[in-house]
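**Q** Protein chains in written order, with the working numbering: chain D, 1 to 319; chain X, 1 to 319; chain B, 1 to 319.
One or more of the hints may lead you astray.
It does not matter which identical chain is meant; a pair holds if it fits inside one copy or across any two.
To be verified - Simulated crosslink set (BS3-like; lysine-lysine; CA at most 30 Å straight-line):
hint : residue 1 : residue 2
1    : K213      : K118
2    : K261      : K132
3    : K132      : K24
4    : K19       : K35
5    : K213      : K132
6    : K213      : K116
7    : K37       : K24
8    : K132      : K37
Source of the hints: derived by calculation from the structure; they are not laboratory data.
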Amino acid sequence: MKHFISIYDIDNLNNLVDKALSYKLSPFKDQTLGKNKTLGMIFFNPSLRTRVSTQLAARNLGMEVIVLNTSQDGWMLEMQDGVVMNGNNPEHVREAAAVMGQYFDIVGLRSFPSLKNKEDDYSEQTINQFRKYSGKPVLSLESATLHPLQSLADVITIREQWKEKRKPKVVLSWAPHIKALPQAVPNSFAQWMNTWDEIDFVIAHPKGYELDKAFSQSALIDHNQEAALQDADFVYVKNWSSVSSYGKILNSDSNWMLTTKKLLGTNNAKVMHCLPVRRNVVIADEVLDSPSSIVVQQAGNRVWAAQAVLSELLRSNCV
Amino acid sequence: MKHFISIYDIDNLNNLVDKALSYKLSPFKDQTLGKNKTLGMIFFNPSLRTRVSTQLAARNLGMEVIVLNTSQDGWMLEMQDGVVMNGNNPEHVREAAAVMGQYFDIVGLRSFPSLKNKEDDYSEQTINQFRKYSGKPVLSLESATLHPLQSLADVITIREQWKEKRKPKVVLSWAPHIKALPQAVPNSFAQWMNTWDEIDFVIAHPKGYELDKAFSQSALIDHNQEAALQDADFVYVKNWSSVSSYGKILNSDSNWMLTTKKLLGTNNAKVMHCLPVRRNVVIADEVLDSPSSIVVQQAGNRVWAAQAVLSELLRSNCV
Amino acid sequence: MKHFISIYDIDNLNNLVDKALSYKLSPFKDQTLGKNKTLGMIFFNPSLRTRVSTQLAARNLGMEVIVLNTSQDGWMLEMQDGVVMNGNNPEHVREAAAVMGQYFDIVGLRSFPSLKNKEDDYSEQTINQFRKYSGKPVLSLESATLHPLQSLADVITIREQWKEKRKPKVVLSWAPHIKALPQAVPNSFAQWMNTWDEIDFVIAHPKGYELDKAFSQSALIDHNQEAALQDADFVYVKNWSSVSSYGKILNSDSNWMLTTKKLLGTNNAKVMHCLPVRRNVVIADEVLDSPSSIVVQQAGNRVWAAQAVLSELLRSNCV
Numbered sequence: 001m002k003h004f005i006s007i008y009d010i011d012n013l014n015n016l017v018d019k020a021l022s023y024k025l026s027p028f029k030d031q032t033l034g035k036n037k038t039l040g041m042i043f044f045n046p047s048l049r050t051r052v053s054t055q056l057a058a059r060n061l062g063m064e065v066i067v068l069n070t071s072q073d074g075w076m077l078e079m080q081d082g083v084v085m086n087g088n089n090p091e092h093v094r095e096a097a098a099v100m101g102q103y104f105d106i107v108g109l110r111s112f113p114s115l116k117n118k119e120d121d122y123s124e125q126t127i128n129q130f131r132k133y134s135g136k137p138v139l140s141l142e143s144a145t146l147h148p149l150q151s152l153a154d155v156i157t158i159r160e161q162w163k164e165k166r167k168p169k170v171v172l173s174w175a176p177h178i179k180a181l182p183q184a185v186p187n188s189f190a191q192w193m194n195t196w197d198e199i200d201f202v203i204a205h206p207k208g209y210e211l212d213k214a215f216s217q218s219a220l221i222d223h224n225q226e227a228a229l230q231d232a233d234f235v236y237v238k239n240w241s242s243v244s245s246y247g248k249i250l251n252s253d254s255n256w257m258l259t260t261k262k263l264l265g266t267n268n269a270k271v272m273h274c275l276p277v278r279r280n281v282v283i284a285d286e287v288l289d290s291p292s293s294i295v296v297q298q299a300g301n302r303v304w305a306a307q308a309v310l311s312e313l314l315r316s317n318c319v
Numbered sequence: 001m002k003h004f005i006s007i008y009d010i011d012n013l014n015n016l017v018d019k020a021l022s023y024k025l026s027p028f029k030d031q032t033l034g035k036n037k038t039l040g041m042i043f044f045n046p047s048l049r050t051r052v053s054t055q056l057a058a059r060n061l062g063m064e065v066i067v068l069n070t071s072q073d074g075w076m077l078e079m080q081d082g083v084v085m086n087g088n089n090p091e092h093v094r095e096a097a098a099v100m101g102q103y104f105d106i107v108g109l110r111s112f113p114s115l116k117n118k119e120d121d122y123s124e125q126t127i128n129q130f131r132k133y134s135g136k137p138v139l140s141l142e143s144a145t146l147h148p149l150q151s152l153a154d155v156i157t158i159r160e161q162w163k164e165k166r167k168p169k170v171v172l173s174w175a176p177h178i179k180a181l182p183q184a185v186p187n188s189f190a191q192w193m194n195t196w197d198e199i200d201f202v203i204a205h206p207k208g209y210e211l212d213k214a215f216s217q218s219a220l221i222d223h224n225q226e227a228a229l230q231d232a233d234f235v236y237v238k239n240w241s242s243v244s245s246y247g248k249i250l251n252s253d254s255n256w257m258l259t260t261k262k263l264l265g266t267n268n269a270k271v272m273h274c275l276p277v278r279r280n281v282v283i284a285d286e287v288l289d290s291p292s293s294i295v296v297q298q299a300g301n302r303v304w305a306a307q308a309v310l311s312e313l314l315r316s317n318c319v
Numbered sequence: 001m002k003h004f005i006s007i008y009d010i011d012n013l014n015n016l017v018d019k020a021l022s023y024k025l026s027p028f029k030d031q032t033l034g035k036n037k038t039l040g041m042i043f044f045n046p047s048l049r050t051r052v053s054t055q056l057a058a059r060n061l062g063m064e065v066i067v068l069n070t071s072q073d074g075w076m077l078e079m080q081d082g083v084v085m086n087g088n089n090p091e092h093v094r095e096a097a098a099v100m101g102q103y104f105d106i107v108g109l110r111s112f113p114s115l116k117n118k119e120d121d122y123s124e125q126t127i128n129q130f131r132k133y134s135g136k137p138v139l140s141l142e143s144a145t146l147h148p149l150q151s152l153a154d155v156i157t158i159r160e161q162w163k164e165k166r167k168p169k170v171v172l173s174w175a176p177h178i179k180a181l182p183q184a185v186p187n188s189f190a191q192w193m194n195t196w197d198e199i200d201f202v203i204a205h206p207k208g209y210e211l212d213k214a215f216s217q218s219a220l221i222d223h224n225q226e227a228a229l230q231d232a233d234f235v236y237v238k239n240w241s242s243v244s245s246y247g248k249i250l251n252s253d254s255n256w257m258l259t260t261k262k263l264l265g266t267n268n269a270k271v272m273h274c275l276p277v278r279r280n281v282v283i284a285d286e287v288l289d290s291p292s293s294i295v296v297q298q299a300g301n302r303v304w305a306a307q308a309v310l311s312e313l314l315r316s317n318c319v
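One chain only, chain D, in its complex shape (with noise of 0.2 Å):
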């Protein structure tokens, strides 16, 4: 694995999610592999839960983190090249993105959407500058359009819960939220589920909230959520604004919002949310609190999804 920045840096997904849950069981098995390397994480936006898993992850293979809160200090770069740079922007990212490849052995970048224009923010402009200027492993701890380190969470989280033969049910439910919020995790989501062989996958969204094709693919898709989580065994709940008309909210129906009674018609189904989620507008306290709900077990599972990556990239990279 040279980079992780999609679904399309792995090799084999079973392997490596097997490989998460060996680390799972015995975290500390491969402390010396990371020895003297140094993971950099550079947030553009902040963060806490994946700022917590990766170290943790990176800690358990022995490598030191230096964390850079750039949303703080306003490490504002530009991006274009050819630019007077008379502007707010102090820096370029061919400086910035290589003295980083300087000090850091592997470069995790963590820079959102501005959900303003589609085509700026699914250019992945800053991850894919930094791929090309660090000259190290760029690890993506959530891009403007994916978020590849959750999705391998949510793939364990269901390997780890699913013990029948059959394939599972796997519905990505849209629900309301009162911000604007970016398709990273549906869009990721959706193209790992449609990826990985071992489930059968279905959307379920209002009119207006079509993913990108490029995520979306062959995936089912509903209008109707009642009709998608028939049957369904793990419902992933996620509220994200529309693609089509870029960023904005075009619905806020609560009754997209997930309850109890809305799970009566699915096979018990275990339901998911990548956190942090508003209670009672995009699930309700009822489920959140019952044994339905898996997203703590969730949200622990991105620290072995972390060290799997992390394991990938050192074999790779820097031994």
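Mind docking chains X and B on chain D? Use the hints.
**A** Chains X and B alone, transformed into the frame defined by chain D:
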């Protein structure tokens, strides 16, 4: 020791002080105790001394430390149950605490009072919710009403200084300040002094500054600072805002500032303060720059206090 | 080496450079030297390169590092003695420095100038007060008037590049900028070049940009950039604000920007800059993207500079 939130979490105060002083002599003697254990320090409010001293203590025990500055990242948590979360708080403490419990072996928390509503502050909601939902030992890094790591350092400092057989007289003396400050340090100091049977304890403050009876208990209270200081061996100087007129400044009489002249009636008393201290408002330069002041040594002892507590938490919960 | 604040703290520059280059070859050869020692890095102003490179250097030596971002936490210190502290500054440097000295084995400090009053800035109050009151070795992470870790990295970079027997000609050339910048980097570079007897040194700048004589000393000064660059082997490009019209921008003539054409008269000179650099304002794209630029290598050498200095501070003070 299951948690460390108040003096009631301690079995034996003198044993804990012995332990702290033994770490002061040999900081690295238990360097394997915390191996592969992680202390998470979550700061809902800023911190300098507590942040650094607790981090040093954890490292001395071989622990990893991860710091979350949520005051900067703006991690605002909903504390109330049953709320429709369509306001400013994007995450509920039930998920937040449970996830931190997935990541950390010990959860440290700093959470100041609002000073607007006594009942709210004195219910210690934040630290209690984390205790309830994290499933891990909780370490107070100063809560709304108490600062037990400071109080333990204070006891250590008095024990270190006092060589005579008779009980020393310890006076907690209110002093003026330009801002309305929490009662956490004086509440906590009073709680510890009232429990510690090796000293005699007096509180001096102007009328209207009575501490909550839960903390001042049966301590002698004197509204005449000069009388209270008579024959004192230790003077602990500290401002706090009014409890009865909750969070208000009722008095700014500079006669309550500690000066050399006021020390004349004492038994060559040592002067303590938790820092930061506003010079010539709370304590005069002449006192802080004299051998009477032990405020720097007191701040240094924060390391050994934290190390003794972390050691106990590790032994009780993580082995 | 007791402290590292200016070149006058160094015994032998060439030996220090040798040491740095030996760490570049074998970063981990002294991994026990800093065991159980802690470097505190206190940032009164933001930092990226210095923060990361110094942290890496300390870790290479086995030291612990604790970072305090006081610019975010708003740790405003009173520097004046005898003040009644009823204003904005809640803590006096006497306590602050003494307490940091209790916690850290080496105290690193970054403190920028105000650029409002030359006398204040050039008195270097912050770093001098910490030297006076911390009781520990003080490491400058860039002070109001000097940036010695940068200058040491600069010398290392020139030594690495220069293979000929004759002395290279090194030119420090002023360049335009849109903001008023400190003089710390050029002051420091001039101080080190004037001391280093293995190079010939020239400073080029427009009239009105004379550096303080304490730093420029007997260096040749040329107001004609083209003439100064003639036969140069190294061109160090850097903006600074005026010293005589203190902190002011007197000139924004884009003819002082470094271009390929200007390099024609040089001896195929290597181009240096401390970064961040505003492209096409300070240096043209065509130069930064050519093999003439060694700015990334120069930034990489910050690690080895810091490691050599920390190694010396540890050996002199902490063993």
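**Q** If the cut is 30 Å between Cα atoms, do K261 and K132 qualify within a copy, between copies, both or neither?
**A** This pair counts as between: shortest inter-copy Cα distance 28 Å, intra-copy 50 Å.
**Q** Should K37 paired with K24 be assigned to within, between, both, or neither, using CA atoms and 30 Å as the limit?
**A** both (22 Å within a copy, 15 Å between copies)
**Q** Give the relationship of K213 and K116 under a CA distance limit of 30 Å: within one copy only, between copies only, both, or neither.
**A** Intra 19 Å, inter 52 Å, cutoff 30 Å: intra-copy only.
**Q** Please sort K213 with K118 into within, between, both or neither, judging by C-alpha distance up to 30 Å.
**A** Within one copy, since 14 Å is at most 30 Å while 55 Å is not.
**Q** Checking K132 and K37: alpha-carbon separation at most 30 Å within a copy, between copies, both or neither?
**A** Within one copy, since 21 Å is at most 30 Å while 37 Å is not.
**Q** Measure nothing new, just compare the shortest in-copy and cross-copy C-alpha distances for K19 and K35 to 30 Å and report within, between, both or neither.
**A** Both. Shortest intra-copy (19 Å) and inter-copy (23 Å) distances satisfy the 30 Å Cα cut-off.
**Q** Between copies, within a copy, both or neither: which fits K132 and K24 at Cα up to 30 Å?
**A** between (33 Å within a copy, 25 Å between copies)
**Q** With 30 Å as the alpha-carbon cut-off, assign the pair K213 and K132 to within, between, both or neither.
**A** within (26 Å within a copy, 44 Å between copies)
The structure agrees with every numbered hint stated previously.
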